[in-house]
Amino acid sequence: MVSNNNAPEAVTAHKLESDLDKLLLAVPRGGKRRRAEVTLVGAGPGDPELLTIAAYRVLQEADLVIADVLVSDDIIALCRGKVVRSKKSKGSAHSAQDELNEW
Numbered sequence: 010m011v012s013n014n015n016a017p018e019a020v021t022a023h024k025l026e027s028d029l030d031k032l033l034l035a036v037p038r039g040g041k042r043r044r045a046e047v048t049l050v051g052a053g054p055g056d057p058e059l060l061t062i063a064a065y066r067v068l069q070e071a072d073l074v075i076a077d078v079l080v081s082d083d084i085i086a087l088c089r090g091k092v093v094r095s096k097k098s099k100g101s102a103h104s105a106q107d108e109l110n111e112w
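Here the sequence shown is numbered in this note's numbering, starting from 10 and rising by one per residue.
In case anyone wonders, no lab produced these hints; they're calculated from the structure.
Built from N, CA and C at the ideal position, the CB exists for glycine as well.
One thing to keep in mind: the hints can contain errors.
Listed next, with one range per pair, are the computed distances between beta-carbon atoms [as the list claims (entries may be wrong)]:
#, residue 1, residue 2, range
1, Val-78, Val-47, 15 to 25 Å
2, Leu-79, Val-47, 17 to 27 Å
3, Ala-63, Gly-100, 28 to 38 Å
4, Asp-56, Asn-110, 29 to 39 Å
5, Gly-100, Glu-70, 28 to 38 Å
6, Glu-111, Leu-59, 27 to 37 Å
7, Asp-82, Ile-62, 20 to 30 Å
8, Glu-58, Asp-107, 33 to 43 Å
9, Val-78, Glu-58, 18 to 28 Å
10, Glu-58, Glu-111, 30 to 40 Å
Sequences and hints are given; from them, build the entire structure.
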């Protein structure tokens with residue numbers, strides 16, 4: 010995810026695969042691999058004050074957040090790790106699904 014001061018980058022299937030490989034294959038200083046986890050978080054209507062405590066915690070602790078363009082900038086600002094945005098937008102469901110299938 011990018012720090013809160015940087016804008017999220019656009020993501021391509023190749024870039025996402027590369028980022029995920031780096032995260033999943035990273036070996037911390039102790040020499041043991043971390044177990045990868047995937048958590049789905051619903052952003053609701055976009056107001057960060059309406060997120061659950063669990064959702065807030067996940068966004069704060071995640072190494073990588075994949076968000077579509079419908080997730081508000083206020084919620085993206087809560088993420089401490091790298092943030093990538095999918096190309097999903099209103100009216101582009103088919104192309105968005107194609108992008109997800111590539112990942």
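Hint check results:
no.: 1; hint: Val-78 / Val-47: 15 to 25 Å; in the structure: 20 Å, holds
no.: 2; hint: Leu-79 / Val-47: 17 to 27 Å; in the structure: 19 Å, holds
no.: 3; hint: Ala-63 / Gly-100: 28 to 38 Å; in the structure: 31 Å, holds
no.: 4; hint: Asp-56 / Asn-110: 29 to 39 Å; in the structure: 31 Å, holds
no.: 5; hint: Gly-100 / Glu-70: 28 to 38 Å; in the structure: 33 Å, holds
no.: 6; hint: Glu-111 / Leu-59: 27 to 37 Å; in the structure: 32 Å, holds
no.: 7; hint: Asp-82 / Ile-62: 20 to 30 Å; in the structure: 21 Å, holds
no.: 8; hint: Glu-58 / Asp-107: 33 to 43 Å; in the structure: 35 Å, holds
no.: 9; hint: Val-78 / Glu-58: 18 to 28 Å; in the structure: 21 Å, holds
no.: 10; hint: Glu-58 / Glu-111: 30 to 40 Å; in the structure: 35 Å, holds
When each numbered hint is compared with the structure, no violation occurs for any of them.
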